[in-house]
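Starting from the known structure of chain G, fit chain A onto it as the hints suggest.
Protein chains: 2
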Amino acid sequence: MSQHRVIASYLIETPYSLAYAAEVMAGEQSTGTFVAVPGETPELKARHRAAIIHIEELDEMSEPSLPNSVPPAGEGNLIYRRGLVQLSFPIDNFGASLANLMSTVAGNLYELRELSGIRLVDIELPGSFADRYPGPQYGMEGTRKLSQVYNRPIIGTIVKPSIGLPLDEYGPLVRSLAEAGLDFIKDDELCANPPYAPFEQRVKTVMEQIERAADRTGRKLMYAFNITGDIDEMKRHHDIVVKAGGTCVMVAVNSMGLPAVAHLRQYAELPIHGHRTQWGAMTRSPLLGMGFKAYQKLCRLAGVDHLHTNGLNSKFAESNEGVVQSIKDCLTPFLGGYPIVPVLSSAQWAGSAEPTYKAVQSTDVIHLAGGGILAHPGGIAEGVSSMQQGWAAAASGVPIGDYAKTHPALQQAIQTFGKAHN
Amino acid sequence: MSQHRVIASYLIETPYSLAYAAEVMAGEQSTGTFVAVPGETPELKARHRAAIIHIEELDEMSEPSLPNSVPPAGEGNLIYRRGLVQLSFPIDNFGASLANLMSTVAGNLYELRELSGIRLVDIELPGSFADRYPGPQYGMEGTRKLSQVYNRPIIGTIVKPSIGLPLDEYGPLVRSLAEAGLDFIKDDELCANPPYAPFEQRVKTVMEQIERAADRTGRKLMYAFNITGDIDEMKRHHDIVVKAGGTCVMVAVNSMGLPAVAHLRQYAELPIHGHRTQWGAMTRSPLLGMGFKAYQKLCRLAGVDHLHTNGLNSKFAESNEGVVQSIKDCLTPFLGGYPIVPVLSSAQWAGSAEPTYKAVQSTDVIHLAGGGILAHPGGIAEGVSSMQQGWAAAASGVPIGDYAKTHPALQQAIQTFGKAHN
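Listed in order, the protein sequences are those of chains G and A.
Using my numbering, the first residue of the first sequence is number 47, and each one after it goes up by one.
Using my numbering, the first residue of the second sequence is number 47, and each one after it goes up by one.
These aren't lab readings, by the way, just hints derived from the structure by calculation.
Accuracy of the hints is not assured; some may be wrong.
Since the list gives no way to pick out one identical chain from another, each pair is judged satisfied if it fits inside one copy or across any two copies.
Said to hold, decoys possible - Dumping the calculated EDC-like pairs for lysine to aspartate or glutamate here, alpha-carbon to alpha-carbon at most 20 Å:
1) Lys-361 x Asp-234
2) Lys-91 x Glu-215
3) Lys-451 x Glu-428
4) Lys-289 x Asp-261
5) Lys-339 x Glu-367
6) Lys-91 x Glu-69
7) Lys-361 x Glu-69
Next up, chain G with everything else stripped away, as it sits in the complex (with noise of 0.2 Å):
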């Protein structure tokens, strides 16, 4: 990888040809336009002009992806050409900032009238970014560390109602979660500060539980509490975790932008649970946005710890194939490390784990279920037992119907959710 330049990879769609398309979106993102300007000299151009470095033809198509593109003048029947494109920006147009990195590999490219299709598909960045943003701070050797979760998945879920439940029953419901030996739990995205449940008392309240539920499993179960609000509210809330014994917070990173999770990420004292609410607008359109092979990227140089993927099966518009890149994704190491830990949820139980780990060949996941560990027809700690009893079956390659014949939270749980699930 260079040192001195940033490699973008888009997926685009134009009625011109790929190399003019790719020559419209170098000078867009760089130097400027077509029209030489008095100042644009050639060695000017030869030191900053984003270069086009690979370009990769593939499917014709008859009609446009995205409305709006503009055809060359004076054709007959238009083919719109679908093509790979890698342009390099030399780091010394915008040095190394995540904010200005948006700009400039994204920036107004999705405007452009010759494109009918443009996605970000992948980044390659220059150690200078790693010198400037340290990443994850705890990944899933500090994760396992602090939930004290070893050679497993860490089991989670999220707190049913997601809104609207009193402290003074939400307090005892999280109790009865840690104590029937649940690894983890997160917020519900949709509430962070709500009037009904003020932070921190909120805090105070699941703490208090969680704390008490230690003393008697002698494990304390991480809380990723959500502290998505304004830039002083995140860091007085961080505040407020830590100060309480939390040992996990949580932002939804695309309703904060990645400097608001990297500004977190400077006094960060707990790992960084990131939920990636939105994530659809960015990338439900094949042809447009980005993939979430660059956007992992993006939130690992900010300092997530933890990104949600979706889990295989899921109620989300995702395929598998998607969720399973996904799962890759984060555990292949980015810039020397950079470690961060997938997490799977929607729609997830115990029978989850087999197709799981047969794609992804590890356990250094976070596991969410809801109804497949509360509605377990055996109770909650039944629910977990089923979940890790799932994955053990997985990882030591037993198919989970044999291994079920000596495992019966793990047979009940084939019985209630594995017509429904499969």
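Same frame as chain G, now just chain A:
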């Protein structure tokens, strides 16, 4: 408007009934799922559940706009129904918080597989948001006072080449622009604190030249310095601009995130020029992301004084109808005020004034032109004059061809740019 609820309007597309899809949306973004869980009492739902307040049927499509929606089982030929859905959310669920507003009104909706299209088109907010976020500090009135421009648009440009010009060439160029009578220059969104021209030196160089020009012209050009960067860096750079006598700072709103902009607003002593780079990713797919009507309200809440809208007949993909509506949205009061200045740019020249004024009936805009000023055959000062004359003609209802007969700068502009642009 309710004092206790946020109203969000969506354009959706679904293979289900609109009523069913709206229920899924309301559930996902408030009290939870369709499955009843212990604690989700009728009282809790009455207090906290999002309400469907309006559904309007639009077209029916035979193909889905977005991939991976999962239609109801067992149906024959699928119809994808489009409609407008209005939901209201109790403010008690999340409080007056920009970040948590986004997690609520946008959030996971984009990932719902019951939807094949989902776009946030408008929001209405209770007064508690106005109490928490003071909004634009300067607006048009304050910007006019600082730049001493009255009764016509503020005419500005962007220095080209936008990247790479050494400071010893940049300074004199700014001075010649200021002495030519320009009101306003903005940094390129690609240029904030690049290693080849560090921010502090850049401000020093630019402000020296602006002050010297002001000594001669009696009027200080407003220069929007791009302070996009990390949270602390943004504050440091703001302070550098203030100390150097600058009169405007600029941020790339989407590269920073709304909370970062609101944070800047807390200490800002100058107007905030809001660039919307990356906006295309949020809006170009017609059935995804966000419409500008909603977006500009969020920017106003965060405290942006100037917001880019594109200009008519620009080089970007947006239609002229979209541009006109965006300008009108900015000129419409919000929460009883929150005045924001639309910034028109891209392929603009003197002749852009007439159709713009006809469409929006206002001169309360910042009008940026690059080539339309810098490439005027009479020189930069004539280029600036031509822009002012174009607006004078438009505002007085005189066709520019007639007005040009007694205004040679405008005449030359029409001869030079008229054919290329019309």
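Here is how each hint holds up against the structure:
For a Cα distance limit of 20 Å, the shortest separation of Lys-361 from Asp-234 inside one copy, 16 Å, qualifies, whereas the shortest one across copies, 42 Å, does not. Taking the closest pair of Cα atoms, Lys-91 and Glu-215 come within 20 Å of each other only across two copies (15 Å); inside a single copy the shortest separation is 65 Å, beyond that limit. In this homomeric assembly, Lys-451 and Glu-428 come within 20 Å of each other (Cα to Cα) only inside a single copy, at 15 Å, whereas the closest approach across copies is 88 Å. For a Cα distance limit of 20 Å, the shortest separation of Lys-289 from Asp-261 inside one copy, 18 Å, qualifies, whereas the shortest one across copies, 56 Å, does not.
For a Cα distance limit of 20 Å, the shortest separation of Lys-339 from Glu-367 inside one copy, 13 Å, qualifies, whereas the shortest one across copies, 36 Å, does not. Taking the closest pair of Cα atoms, Lys-91 and Glu-69 come within 20 Å of each other only inside a single copy of the chain (13 Å); across copies the shortest separation is 55 Å, beyond that limit. With identical chains, the CA atoms of Lys-361 and Glu-69 are at most 20 Å apart between copies only, with a shortest distance of 15 Å across copies and 41 Å within one.
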